[in-house]
Amino acid sequence: MFRKSFILMISLFMILFAGCRRTEEAITFAVGGAPNEIEFWETLVKEFTRQTGIKVNILRQPTDTDQRRQGLVISLKSRKADPDVFLMDVAWVAQFGASEWLEPLDDYIKNENMNLDVFFNRVVNLVDRYNGGLIALPVYIDGGVLYYRKDLLRKYGYSEPPETWDKLVDCALKVQKDMRNINPNFYGFLWQGAQYEGLVCNWIEFAASNGGGIILRDGKIKLNLPSNIEAVQFMYDLIHTYKISPPNTFTEMKEEEVRMSFQKGDALFERNWPYAWALHQSEDSYVKGKVDIAPLPHFPSGKSVSTLGGWHIGISKYSDAKSKAFKFLKFVVSYETQKKLALKLGWNPGRKDVYNDNEVLERLPHLAKLKNVFENALPRPNLPYYTQISEILQHYINAAIAGKLTPEVALSQAEKEAQNVIERYERK
Amino acid sequence: MSYRTFSEAKQSYTFILPLIIFILAFILLPVVGTFINSFFRDISFLQRKFIMFGNYKQLFNDPGFYGAIRFTILFIVVSVTIEIILGLIFALILNETIPFRGFLRACVLLPWAIPSAISARLWELIYNYNYGLANFICIKSGISTGPINWLGSSVGAFFGLVIADVWKTTPFVTIILLAGLSAIPTELYLQAKVDGTNFLQRFYKITMPLLKPVLVVALLFRTIDALRIFDLIYVLTHGGPGGATTSLSLYAYKYYLAGDFGYGSAVSVILFVISFTLSIIYIKLARFGESGI
Amino acid sequence: MIEERFKSVLIWIGYVFIAVFCLTPFLYMIVISLSSSPDFLTKLGEIEFSFKNYYSVLTSKSLHFVDYLRNSIIVSGVSAFFCIIIAGFAAYSITRLDLPGKMLILFLVLAVSMFPQISLVGYLFKFMSSLGWINTYFALIFPYIAWILPLSLWILVSYFAQIPKDLDKAALIDGCTRWQILLKVIFPVAAPGIFSVSLLSFIFAFNEFMFALMLTIDYRSRTIPVGIALFQGLHGEIPWGNIMAGSTIAVIPVVLLTIIFQRYIIQGLTRGSIKG
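Protein chains in written order, with numbering that gives the first Met the number 0: chain Z, 0 to 427; chain W, 0 to 292; chain F, 0 to 275.
Treat each hint with caution, since some may be false.
Pulled from the structure, derived: some chain Z residues nowhere near chain F, Cβ distances all over 10 Å [said to hold, decoys possible]: (1) Ser77; (2) Trp91; (3) Asn120.
Below, a list of computed lysine-lysine pairs in the BS3-like style, where the Cα atoms sit at most 30 Å apart [unchecked claim]: (4) Z:Lys339 - F:Lys164; (5) Z:Lys263 - F:Lys51; (6) Z:Lys321 - Z:Lys54; (7) W:Lys9 - F:Lys183; (8) F:Lys101 - W:Lys211; (9) F:Lys183 - Z:Lys343; (10) Z:Lys326 - Z:Lys45; (11) W:Lys9 - F:Lys60; (12) Z:Lys263 - Z:Lys149.
These are calculated hints, taken from the structure and not from any lab test.
Ideal placement from N, C-alpha and C gives every residue a C-beta, glycine not left out.
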C-alpha cells in the first residue's frame with residue numbers, strides 16, 4: 000500500500016519534471032511591445048535563423064515597461080540562463096550593469112571587428128558603459144520633441160515654431176483664444192504631467208533648458224536651484240496661470256492621452272516622443288499632413304534639451320549561449336536591421352549612419368532633424384538606484400504643478416530625500 | 000487512548016511529521032530568513048554586508064514608510080468597519096426564512112470565490128474614467144455632475160479600493176456571522192416575542208450580546224487579513240497615484256523589485272511583528288474550547 | 000401586524016440589495032467580454048455582441064492564456080491533493096493519538112496561517128533560485144501546500160474529532176494498522192469534510208497571487224491570476240474585451256464549484272474559523 004503510493008508520487012513528480020526540459024540549442028530573446036512590434040521581431044528572427052542557422056525563441060513580455068523590468072529582474076536575480084539576450088529601457092541599463100547582470104561586450108566587439116563609431120557616441124558613453132566596459136548597445140533612440148500644427152501657425156502669421164518658452168506661450172495664447180470659438184476643447188500646449196516617469200522626462204526638458212536639471216556632483220545631489228524653481232513655476236503657470244495646458248495635465252496626461260488629444264485636432268503644440276509621428280500621419284488622423292517636428296524650446300539663457308529615451312540590447316551574464324547571443328546582438332544593431340526598424344516600425348535607429356540613407360529619408364524626412372536632437376539628448380542620471388530618485392521627483396514635482404506645494408518647498412524636500420537615497424546606496 | 004507501545008508513539012509522530020516539515024521548511028524558515036536578511040545590506044548592485052540595524056534606522060526616518068503605515072491603518076479602519084456592518088446585515092437577512100435562500104447564499108459567496116487579481120482587474124474597468132460602470136452610475140443617478148477620477152486622485156483611489164475590498168470580503172464576514180446567528184437558539188426569540196418585544200429590542204437584547212464573541216473573532220480576523228493586503232492594491236492602483244495607496248506589503252515589494260532585498264525584508268519584518276502581535280491577541284481572545292481532541 | 004410588514008419590507012429590500020451588490024460586477028464582466036468595445040455604456044447603440052474576444056483569447060498563442068489555465072489547474076490540483084493527504088494524517092494523529100504538544104502544534108499552525116505573505120516571499124525567492132526552481136511548478140506547489148495546510152488541518156481536525164473513537168477501537172481489535180484505519184475507516188466517514196477541504200484548498204491555491212507573481216517568470220509556470228493581472232495590449236490601450244473574456248473563462252470553474260457545493264464550502268469555512 001505504502002509502496003504503491005510512493006510509486007504514484009514519484010511518477011507524478013516525473014510528469015512535472017518533464018515539463019521543465021529546456022532546449023539548449025536555441026537562444027531566448029526577451030522583448031515586449033505592441034503586437035505589430037512583436038510580429039516584426041518574429042520575422043526578423045526568422046531571417047537571422049536563415050542567415051546563421053541559430054534558432055531563436057522569442058519570450059514575449061508585457062508592453063508596460065515596469066513589468067518588463069520586473070520579469071527581467073526576477074530572471075537575472077535568480078541566475079536563470081534564459082533569457083540570453085534582451086532589450087532594456089535606457090533608464091535601467093545602469094541598474095542592470097551595476098548589479099553585474101550584463102555580460103561585458105568589449106572582447107566580443109574586438110573579435111568581431113565591430114566599429115562603435117557608427118553609434119551615437121554620447122549615448123553609448125553615457126548609458127552603455129559600466130566601469131568603462133561596454134555592456135549594451137542602443138537599438139533605438141528616443142528624445143522628446145515638439146510637434147506643432149504648421150497649418151495653424153501659418154494661418155496666424157507665424158513662419159517658424161517658437162524657439163523660447165515665452166514665445167511659445169505668446170503664440171499659444173493667441174491661437175487658443177481664437178480657436179476656442181470653433182473648438183471649445185482646444186488647448187495651446189499638451190505635455191505629460193501625470194505622476195510617473197514621463198513627468199521627470201518633461202521636467203528635465205524644461206529645467207535643463209534653463210541651465211538646471213538633476214545636478215550630481217561629489218556624491219551630492221542638487222535640485223533646489225533657481226533655474227529648477229523657475230522651470231517648475233513655469234510648468235505650474237502653463238496649467239493654472241496661462242491656462243494653455245488642460246487641468247488634467249497633472250492627473251492624467253501621459254504619452255497616449257497627449258497624442259490622442261493632439262491627433263483629434265485639439266491642440267497647437269505637443270511634447271511627445273518620436274513614435275507619435277507615424278500615428279499622426281495615419282489614414283484616420285485629423286492632423287495628417289498638418290504636423291511638423293521641431294526641437295523643444297528653451298529658456299532665454301539656455302539651450303534646447305531633449306530627454307534621452309529608447310531601448311538598448313544586452314546579454315545576460317548567466318546565459319549559456321553567449322557567443323550565439325552576441326551574434327544575434329550584432330544582427331540587431333546591424334545597418335540592415337536598423338534600417339528595417341526605421342522603415343517598418345518608424346523607430347529611430349541607434350546607428351547614426353542609417354540617418355543618411357536615402358530610402359529612409361524619403362519615407363521619414365523628419366529623421367534628418369531628429370539626428371541632431373538625438374546627438375545632444377540628455378540622459379537621466381546613470382545610477383543603479385535611479386528609479387528611487389525618480390519616484391521622489393515624480394511625487395514632488397507633481398505636487399508642485401498641482402499647486403499642493405510651492406516649487407521651492409517641493410524641490411528642497413525632494414533634494415533632502417534624494418540625498419538620503421544616495422547616501423544609503425553609495426556607502427561602500 | 001494512550002501509548003501502549005513505543006511503535007505507537009513513533010507512529011503518531013510520523014503521521015504529523017510531513018505537516019511539520021512543510022510548515023517548517025516553507026513558512027517558518029522563510030520568515031526567519033527574511034528576519035535575518037533584514038540585518039544585511041542586500042542590494043543587487045552592492046556588496047552584501049552586515050549592517051545590524053542600518054535598514055531599520057533608515058526606515059524610521061523614511062516618510063514613505065510612515066505614509067504606508069498611515070494608509071494601511073486608515074484602510075483597515077474604514078474597510079473592516081464597513082465589512083462588519085454590511086456582513087451583519089447580510090447575515091441577518093440570510094438567517095431569515097426567505098425563498099431561494101440557496102440562490103442568495105451563492106450570490107454572496109461568489110465575490111469571495113474568484114481570484115482577487117481578477118476581481119481587481121474587473122474593478123479597474125469599473126472605475127475607468129471615460130466608460131466605466133462606476134462613473135456611469137454616478138452621473139446617471141445624479142450623485143456627481145461629472146466623471147469622478149477614481150484611480151487618478153488619492154481620495155478616489157482610496158475609496159475605490161475600499162469599495163472593491165468590501166465587495167470581495169463581506170461574504171466571508173457574512174458566513175462567519177451567519178454561523179454565529181444560527182447558533183442562537185430560536186426559543187429565546189420565541190420567548191421574547193411572547194413577552195411582547197419588537198424586533199429591534201430583540202436584536203439589541205438577544206442577538207447582539209450572543210453574537211459578540213463571534214463579532215470580535217470576525218473583526219480581529221479581518222483586521223489581520225486587511226493588514227497584509229497586497230493583491231487588490233497591486234493590480235488596481237499599483238500603490239498610486241504617487242504612492243498614496245501603498246500598503247505595507249506593497250511598500251516592501253517595491254523595494255524587492257528595485258533589488259533592495261535588505262530594506263524590503265526590514266519592512267516585512269515590521270509588518271510581521273504587528274501582525275503576529277494581533278494574532279496572539281486573536282488566539283487568546285478566541286479561546287477555543289477543546290472538545291474531543 | 001405593522002411591525003411584521005415593516006420587517007418583511009426591510010428584508011426584501013435587503014434581499015434585492017444583496018443580489019444586486021454581489022452580482023452586478025459579474026454581469027458587467029460578462030457583458031464587456033461579449034462586446035466589441037468596452038465603451039458600451041456610452042455607445043449603447045453601436046456595440047456588436049459576439050464571442051470574438053473569447054475566440055482570440057483562447058487561440059492567440061502569444062497571449063499564452065491556455066498555458067496559464069493549464070498551469071493553474073495542475074498546480075492547484077497537485078497542491079490540494081498533497082495538502083489533504085498531509086493534513087489528513089496530521090489531523091488523525093491529533094485527534095486519535097496521544098501526541099504531546101498537540102495543542103501547541105494546533106496553535107502554531109493557526110498563528111502561521113496569519114503570517115503576511117510578504118514576510119515569506121523574499122527569502123522564498125532566494126531559496127527557490129538557489130534550487131533552480133524559479134519558473135517551475137515546484138516553486139509554487141511546495142509553498143502552496145504549506146500555505147493551505149493550516150486551514151485544512153483545522154477543518155479536518157474539527158471533522159475527525161466528531162467521529163467516535165469506538166470505530167477506531169473496533170478496527171484495532173480486528174487487527175488493522177493505523178494506516179488502514181485512517182484510509183479505510185476515517186476518510187470514508189469524514190468524506191464531506193474531506194470534500195470541503197479539497198474544494199477550499201483548490202480554490203485558495205487557484206486564487207493565490209503573490210507567490211505566483213514573484214516565483215514565476217513566463218508562460219511555462221505562470222498562473223491565471225498573474226496572467227490576467229499583467230494582461231496588456233497595445234501602447235496603453237488595454238484590451239478590456241479580451242481581459243474580461245479571459246476572466247470569465249478563468250472564473251467559470253470556481254463559480255460552478257461554489258454554486259453547486261456551497262454547503263460544503265460554507266461548512267468548511269465556518270469550522271475553520273470558529274469552533275463548534
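So, going through the hints one by one against the coordinates:
Ser77 of chain Z, annotated as away from the interface, has a beta carbon of chain F within 10 Å; the closest lies near 3 Å. Residue-level check passed: Trp91 of chain Z sits 17 Å from the nearest beta carbon of chain F, beyond 10 Å. The claim that Asn120 of chain Z is not at the interface with chain F holds, since no C-beta of that chain comes within 10 Å of its own (minimum 30 Å). Pair hint Lys339 of chain Z plus Lys164 of chain F does not hold up; C-alpha atoms about 78 Å apart against a cutoff of 30 Å.
Straight-line distance between C-alpha atoms of Lys263 of chain Z and Lys51 of chain F comes to about 28 Å, which keeps the hinted pair within the 30 Å bound. For the given pair, Lys321 of chain Z sits about 14 Å from Lys54 of chain Z by alpha-carbon distance, which is consistent with the 30 Å threshold. A distance of roughly 21 Å separates the Cα atoms of Lys9 of chain W and Lys183 of chain F; the hinted pair therefore holds under the 30 Å criterion. Between the alpha carbons of Lys101 of chain F and Lys211 of chain W the distance comes to roughly 29 Å, so the proposed pair stays at or under 30 Å and holds.
A threshold of 30 Å between alpha carbons decides the hint, and for Lys183 of chain F with Lys343 of chain Z the separation of about 68 Å lies outside it, so the pair is violated. Restraint check for Lys326 of chain Z and Lys45 of chain Z: satisfied, since their Cα atoms lie roughly 14 Å apart, inside the 30 Å limit. A distance of roughly 53 Å separates the Cα atoms of Lys9 of chain W and Lys60 of chain F; the hinted pair therefore is violated under the 30 Å criterion. Of the supplied pair hints, the one linking Lys263 of chain Z and Lys149 of chain Z holds, its CA atoms being roughly 15 Å apart against a limit of 30 Å.
Hint compliance for this structure: hints 1, 4, 9 and 11 are not met, and every other hint is.
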